[in-house]
Amino acid sequence: MSPLTLIFLIPLLTAIVLLFVPARMERAVRGMTQAATGISLLLALGVFTQFQPGQGYQFVEQHDWMPSLGIGYHVGVNGINIGLILMGALVAFAAACSTREIIQRVKEYHILLLLMTGGILGAFVSLDIFMMYFLHELALVPTFIMIGVWGHGEDKNFAAFKITLYLSAGALLALAGLILLYTQIGANSFDLLVLLDHASEHNPGLNIPMQNTIFGLLLFGLGILVSLWPFHTWAPLGYSAAPTAAAMMHAGVIKKFGLYVLLTVALPLLPDGATGWAWVLALLALGNLLWCGLVALKQKDFTLLLGNSSVAHMGFVFLGIASLNLIGITGAVLVMIAHGLLAGLAFGLAGWIRQHTGSTEMEKLGGLLQTMPFVGGALLMALMAGCGLPGFANFAGEIAVFFGVWQSDFKIIAVVAAWAALVIGAVYMLRAARNLLHGPLPAIELGGEDARCCARLPFVLLLIALLLFGLCPHLLTNKITPAAKTLLPPANRAVQSAHNQ
Amino acid sequence: MPLLLASTGNADAATAPYLVLCLPLLATVVILLFTRNRPGASATLSIGAILTSFIICLNLFSDYKNEPLTGHTTWLAIGQFDLTLGYTLDRLSLLMLLIVTGVGGLIHIFSWGYMRGDKAVPRYFAGLSLFTFSMLGIVLANNLVMLFIFWELVGVSSYLLIGHWFQRPAAGDAAKKAFITNRIGDFGFLLGILIVWDQTGSLNFETLKAGGTVTTLGGLLIFCGAVGKSAQFPLHVWLPDAMEGPTPVSALIHAATMVAAGVYMLCRLYFIFTPEALVVISWIGGLTALIAALMAVQQDDIKRILAYSTLSQLGYMVMAVGLGGPTTAMYHLTTHAFFKALLFLGAGSVILAAHHEQNIWKMGGLRHRMHATFWTFLVGTLALCGIPPLSGFFSKDAVLAQAFVGNKILFAIAALVAALTAFYMFRLLIVAFLGMARTNHARNAEESPEVMTFPLVVLAFLSAGAGFIGIDTFISGQFENTGTISNEAQTNGMIAGLLAAIIGIGLAWRLYRGVDKDPLPEILGSPARWMRQRFYIDGLYAALNRHSQEAVATVTDCLDRWVIAGLGVKGSAGITFVTGSLLRLLQTGNLQTYALLLLLGVLTLLYFVLT
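These protein sequences, in sequence, are chains A and B.
Under my numbering, the residues of the first sequence are numbered 355 to 855, in order.
Under my numbering, the residues of the second sequence are numbered 907 to 1517, in order.
Derived by calculation from the structure, the hints in this document are not laboratory data.
Where hints are given, some of them may not hold.
Stated by the list, open to error - Derived DEER-like restraints, expressed as beta-carbon distance ranges:
1) B:Thr1460 <-> A:Ile818: 34 to 44 Å
2) A:Ile818 <-> B:Glu1356: 39 to 49 Å
3) B:Glu1356 <-> A:Pro794: 34 to 44 Å
4) A:Val375 <-> B:Ala1457: 52 to 62 Å
5) B:Gly946 <-> A:Gln724: 19 to 29 Å
6) B:Gln1455 <-> A:Gly630: 32 to 42 Å
7) B:Gln1455 <-> A:Asp509: 22 to 32 Å
8) A:Pro794 <-> B:Ala1448: 17 to 27 Å
9) A:Ile533 <-> B:Gln986: 58 to 68 Å
10) B:Gly946 <-> A:Val814: 23 to 33 Å
11) B:Gly946 <-> A:Pro794: 22 to 32 Å
12) A:Leu811 <-> B:Gly946: 44 to 54 Å
13) A:Ala389 <-> B:Ala1457: 27 to 37 Å
For every residue, glycine included, the Cβ atom is placed at its ideal position computed from N, Cα and C.
Build the full structure now, drawing on both the sequences and the hints.
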């Protein structure tokens, strides 16, 4: 059995086992959840270290399931999803360690969290589009329930309603696109590799109008799932209302699914569609970066600020994809991984602050570096990573995206994006640091306990990963680049060298 | 530490630069992980790291054979697009390495005295070492992206150290302002890098040098980075506020090294600038030198006077580069690092003795209480004013001579700035050190401990003697193609500089000898107020930001909240509602309607099946 199967089955099976654990045994519930996600993380780490860059799909396992429809069980990793799986497993473990705030219906919460984890990790390891889609839905539904039942604030029902509406619509649109793709290609298979082979054998394949139609459906359907401007307003609201673990998982991991499908399914199967829509995508990405960055400037609640900045950062990924060249796409994947780690860290820390001070309003808080030096210090690092400081993985991805975009036709967009990234991003992140961490203690005593020993673990792990991939992005790029090359339209595969020696 | 020293003695020449670079980083990591609660150990680590780096640098310097040493390692590779971390060891970087580790080392030692008793000494030294690491990265960098990476890292270390006393709102605000202002410059810098890469296909300094100049636009965008980091007009506003940080930080980062990084970068990339770009650079430098000197004349805070003076001197250096004299700029950078670090540390000694009083009008008579501080401060002041035979005399006159050759208007401005410099420095010296003590703190001030006076004395010797150790000839080997300056120009520069200094000192002596209140506002009227209020530039920027970016953000936020979110959700909710109402029409509860619908359905199905 491939370790990939275990990575997502263990959380799912643990969820089933938890059904039979008595609800009052909360410690066992928490312990089993952490153990299950921990094992997934170790497996993902093992796969990551064993992976041979540039050797195509590895750790493959394949079984027939519904041959008449062309649906099968097929898992494997290449350079694109290997990093995402590691990131997803790490964030899932961190999320499983960040559930202290939940005191009611603890068992149900953890079952949902495990379903989420298993679902999204399964979606990332799958090579069968049907399975990919199904497992993503499995991860998505718990998000809605978690916000609705365990959410924060007065708006939580509205937030849950809104996120459900948007994400269901997006998923539906994407489903329509995928089914259309399936019928139009006519390989009678949902298997990604079969579809790719079929497409390369039947050149020129689909005609351009049909490619444009399908790519459009996928772009907007998946785009809604990733909070593409102007379909983004569900995200800040949803993340601010969501319980900590749900926000970490959704903003960090589940949201990357739309991008992942866009990259691995839509780009290689619909090269002409991608070329046709690149302009639109670049413009909408600018919407994310500039618009949502400006909106983030005006937020008074820290979680809303984080939500908007998280949406803004998706702009880098979209921009990298729109560049349609190797540097840009590699950069986009780097940003996906880095942002997942960062979103997990930032929402985890925000959750800690909310749990221990009872507020995330920036005007009420202040001087947190004095009352909670560890959490404050980690948050400062997260904010710095968020405004693209070198040393953190985000910078490596962002700089690659800038070079990629500069190589494409979107230079003007790159200029505005650079302003949004370097200046607007710095303004709202440092404003948050100034209001939350610096300055005197607030007049009203809020209390606040710093994280100690074990409670620090999830934050420390996420920080280590952010720093490691920031200091040696080569660990990721040597895996991503060979795989990213196969996603590009054939004409775009050449790369400008840096002549850097 | 002895073990480290022994191993560095015969370190492989190729790895030595990495060792120089990484020792301070190692100190930061160790302090943060293991000695967070032990001030003594943290200070020892930090000081030990930078001194070891200094010794290795001396070693590299003595082994230097006129052949640049290089090395590189991959940081991020995408196919042929290979971003590397590497180093170039030539005259330029060697000189800068020695300044950063040498002057930096002295400031580290001084810090141990200055910060004793502070609650967060380990955090302070961790920040200091992080800064040293980042600054050494800038110096060693052999390509533009690496330069940019460390450029950002010095920015963040500066942010952390300005905000060391983050409990004070002013410190938090100043740190934020410094970072964001620098980011505006870096925005241009990044675009410049992209343009250079697009035009030449290269990021490496060696390849770029072979390729010659890039477009004026590309050069000027790169220059934006220097404008931010070296606090040139119009991005100068952050530096005076940065004085909220501890005084040794001001000496290290905001006087001797980091702010000089912009000048260093201009010298490093001198070959990419077109003549047009150089004209712009020289004027920005000249303008900064003038307005900063004018602002300095009416400041009362001892550190702020020195901060404006730093701005003004950096303007000198930038102007010198723009006028075609990178050698001159680097020469002045070196001597300035000595005497400005000396002056800031002297100010730190005074501030500590006066119980954190920084207003010079509340000092006075310190000459009698603090001998070492006074005499070394006097040496620094005279060097800054360009009095022979101190180091500032040689380097400043080189700048003036450069201006005499290049542009007569800039020459006039530079001479005026020299007079202003002598004036405000002697205003500071007379008011703070001479005359009678004005407050009890000043009356009872005590000389600082030896750990602080020792660096002062060493820096005083360097400030005094740096004109004689051949810095200019050493660095001129780096820039072979820049023209030499005629003897006539040098004589003119010398005369102008000396005359200006004498006029400035004389005026200051007449106005400030034995007074307790600044007489200048009455003599000058409103211009004095403008100088004191920094020509209202900070307020102007705040208003500009409020009415541009912040205003746009407010509008965007409203649109996002009410239009996009509104239409999106209300729209889909509306559709759901309408669909629901329509469906309700079907659900009448009337059996006959249902039967009719059923019949219609069957008929439709039949139709499809049969045809």
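Verification of the hints:
Checked against the hint of 34 to 44 Å, the pair Thr1460 of chain B and Ile818 of chain A passes, with Cβ atoms roughly 39 Å apart. Remark: the range hint 39 to 49 Å for Ile818 of chain A to Glu1356 of chain B is upheld by a beta-carbon distance near 42 Å. Restraint check, Glu1356 of chain B to Pro794 of chain A: a C-beta distance of roughly 36 Å satisfies the suggested window 34 to 44 Å. Distance hint for Val375 of chain A and Ala1457 of chain B: a CB-CB separation of about 56 Å, consistent with the stated range 52 to 62 Å.
For the hinted restraint 19 to 29 Å between Gly946 of chain B and Gln724 of chain A, the CB-CB distance of approximately 23 Å keeps it satisfied. Between Gln1455 of chain B and Gly630 of chain A the Cβ separation comes to about 34 Å, which falls inside the hinted range of 32 to 42 Å. Here the CB-CB span from Gln1455 of chain B to Asp509 of chain A is close to 28 Å, well matched to the stated 22 to 32 Å. The given range of 17 to 27 Å is respected by Pro794 of chain A and Ala1448 of chain B, whose C-beta atoms sit roughly 22 Å from each other.
At about 40 Å, the beta-carbon gap between Ile533 of chain A and Gln986 of chain B misses the expected band of 58 to 68 Å. In this structure the hint that Gly946 of chain B and Val814 of chain A lie 23 to 33 Å apart at CB holds, the actual value being about 27 Å. Between Gly946 of chain B and Pro794 of chain A the CB atoms are about 29 Å apart, so this pair conforms to the stated range of 22 to 32 Å. Separation of Leu811 of chain A from Gly946 of chain B is about 30 Å and departs from the stated range, judged on CB atoms against 44 to 54 Å.
The hinted range of 27 to 37 Å is not satisfied by Ala389 of chain A and Ala1457 of chain B, whose Cβ atoms lie roughly 53 Å apart.
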